[in-house]
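Colleague: Protein sequence lines, in the order shown, are assigned to chains A and B.
First residue of the first sequence: 0, per numbering that gives the first Met the number 0; consecutive thereafter.
First residue of the second sequence: 0, per numbering that gives the first Met the number 0; consecutive thereafter.
You may find that some hints are simply not true.
[Said to hold, decoys possible] Cβ-Cβ distance ranges computed for the label pairs, FRET-style:
(1) A:132 <-> B:246: 20 to 28 Å
(2) A:108 <-> B:275: 44 to 52 Å
(3) B:246 <-> A:19: 49 to 57 Å
[To be verified] Which stretches of chain B does chain A cover? Using the computed rule of at least three CB atoms under 8 Å from a CB of chain A, they are:
(4) 38 to 47
(5) 75 to 88
(6) 207 to 221
Simulated from the structure, these hints should not be mistaken for lab results.
Ideal Cβ placement from N, Cα and C applies to all residues, glycine included.
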Amino acid sequence: MIHFENVGLRYGMGPEILRDMTFDIPKKSFQFLTGPSGAGKTTLLRLLFLSLHPTRGIINMFGRDLSQIPRSELPMLRRRVGIVFQDFRLLDHLTTYENVALPLRVRGKDESSYRSDVIELLKWVGLGERINVLPAVLSGGEKQRAAIARALMDRPEILLADEPTGNVDPPMAKRLLNLFLELNRLGTAVVIATHDLALMDQVNARRMILTEGRLDIYE
Amino acid sequence: MNDMSRLKNRKTPKPRRTPRQPTTTASDNPQPPRRAEMRVRPTAPILPSSNIQGNALMVVIAIMAFLACLTLGAVSMVRATASSWQSQISREITIQIKPDDGLDMAAALRKARDVALTFVGTKDGTIMDDSATARLLEPWLGTGLNLEDLPVPRLVIITIDESNPPDFDSMRDLLKTEVPQAFLDDHRTWVDRLVSMARTTVLIGTGVLILVFTAMILTVIFATRGALSGNRHIVEVLHFVGAESAFVAKEFQKHFLKISIKGSAAGGALAAALFAVANLWQSNSRSTPESDQATALFGSFTIGVTGYLGIFATMLVIALLTTLTARLTVMRTIDEIDLVRSDPSRSDGLPSA
Chain A
0 MIHFENVGLR YGMGPEILRD MTFDIPKKSF QFLTGPSGAG KTTLLRLLFL SLHPTRGIIN
60 MFGRDLSQIP RSELPMLRRR VGIVFQDFRL LDHLTTYENV ALPLRVRGKD ESSYRSDVIE
120 LLKWVGLGER INVLPAVLSG GEKQRAAIAR ALMDRPEILL ADEPTGNVDP PMAKRLLNLF
180 LELNRLGTAV VIATHDLALM DQVNARRMIL TEGRLDIYE
Chain B
0 MNDMSRLKNR KTPKPRRTPR QPTTTASDNP QPPRRAEMRV RPTAPILPSS NIQGNALMVV
60 IAIMAFLACL TLGAVSMVRA TASSWQSQIS REITIQIKPD DGLDMAAALR KARDVALTFV
120 GTKDGTIMDD SATARLLEPW LGTGLNLEDL PVPRLVIITI DESNPPDFDS MRDLLKTEVP
180 QAFLDDHRTW VDRLVSMART TVLIGTGVLI LVFTAMILTV IFATRGALSG NRHIVEVLHF
240 VGAESAFVAK EFQKHFLKIS IKGSAAGGAL AAALFAVANL WQSNSRSTPE SDQATALFGS
300 FTIGVTGYLG IFATMLVIAL LTTLTARLTV MRTIDEIDLV RSDPSRSDGL PSA
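Given only the sequences and the hints, what does the whole structure look like? Please build it.
Modeller: What follows is the structure in structure tokens.
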């Protein structure tokens, strides 16, 4: 589904943050992306999310070479990727329902066509009672689940999560992990960027370890 | 949503707060469900509808609309007055006969009138009699004037058909032949001056309008860039949920359309009210020195239905101009942001999502 070939990236005239990245992310796979702070996890996620162009190398996503795709087509590809940020990035003036429905709204869909789906998804992530609540009154775990629901709303083929358990307590972290596993069982590839060794130990999954810009993969 | 139905059939890790799903089918239990379907509020706009910046922009647009409508109204008023003067002047021509030794003035006047009336396009000819001529000269020469004692030029006033005026050059030539002391004044000098004054006024008005619109466009560009910068987090979120530039631009466009419609309506309404009040004042204070002076200078303050339509059109133009400017600015700025963000060589080592 995603293939990186000798990908390298540097910011400005600085040193290479990522070096010679060559790996695949197969369909329906589950993997952790880990490494020390500053190793380039977020940068790699940005590359996976088409938010950044590599300085060198080839990235092939969904069968298309990214260097050959015009910028106007990138939003269409981004719609096939869901992303969850550590700081949630929920819009403060929109309710949980409106935040989660945002991906469908930007696709121009009529609200009546997706209302029941959004409510059902919110119930699935445990926010059935928090539909009309603004993010300011949600707890950290609830915000994280709302952000996950938003990323899942349009059934992405791959879900990228940046430190999804960074702001929650261990029981909530376990519940979120179960949510990701369930999602993966339903066919979505999942990449979780995390420092949390305890979280990784709970699942026997592929580990992508970034160290000083280089990637080692343990199947 | 197929996954949703699949999700329902799986043993999902049910969160504690998830409401219990009904286990019976509709046919098992004809009663309505225990809980009504979850209600959601009407969908809020993606951009927060009001903030201080938006209110300030609305006031600026209202002022610009007011100035634009005022300029438009003033130009149309001056044009109407100039055109009325022009029409009054060009409706008549004057034949002036200078006194000469041995000239029978009365005969010369009659002859000049008759010669003029032979031309197609003339309607009527009036010889200005002694009393009318004396009245004309009264401000300079006083009363009790005896025209026989003074070599005063005499006038014949010819009314012409404005839509089909006579051939002035031929008339002038013929008059020169028949009455050598006659001089034909077709008032062209005055008409030309008035036409040029009206044109200048229109040009100045157009210039002011262009300046007002330019200032407004620049204000909207700055306001849009400010709004984009203030709502950068929203643009970022829209970006990573897969929104296209056109969608984001549409959202900003809607936001600015609302602001500009409110602002231009307020400015236009204020200008229309000002003209209405001025017109009311003029009609209520008729025959006073102030009113007479204002009328002489500006004509009537009435701008009529066309004027009000013009104000309405100005409001629409301002609203459309604002919307278009906002759209183009947003599209360009988003493209710039996207370009800089996605190009690591321009990111200066500051990764952002």
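Colleague: Against this structure, judge whether each hint is valid.
Modeller: Cross-check of the supplied hints:
Distance hint check: the CB atoms of residue 132 of chain A and residue 246 of chain B are about 26 Å apart, consistent with the given range 20 to 28 Å. Distance hint check for residue 108 of chain A and residue 275 of chain B: the Cβ-Cβ separation is about 48 Å, which falls inside the suggested range of 44 to 52 Å. At roughly 37 Å, the beta-carbon separation of residue 246 of chain B and residue 19 of chain A lies outside the given 49 to 57 Å, and the hint is violated. Three residues within the 8 Å Cβ limit are the bar, and the region 38 to 47 of chain B against chain A gives 7, so the coverage statement holds.
Taking a C-beta to C-beta cut-off of 8 Å, the region 75 to 88 of chain B contributes 0 residues in contact with chain A, too few for the three needed, and the coverage statement is violated. Interface restraint, the region 207 to 221 of chain B with chain A: violated (0 residues with C-beta to C-beta distance below 8 Å; minimum three).
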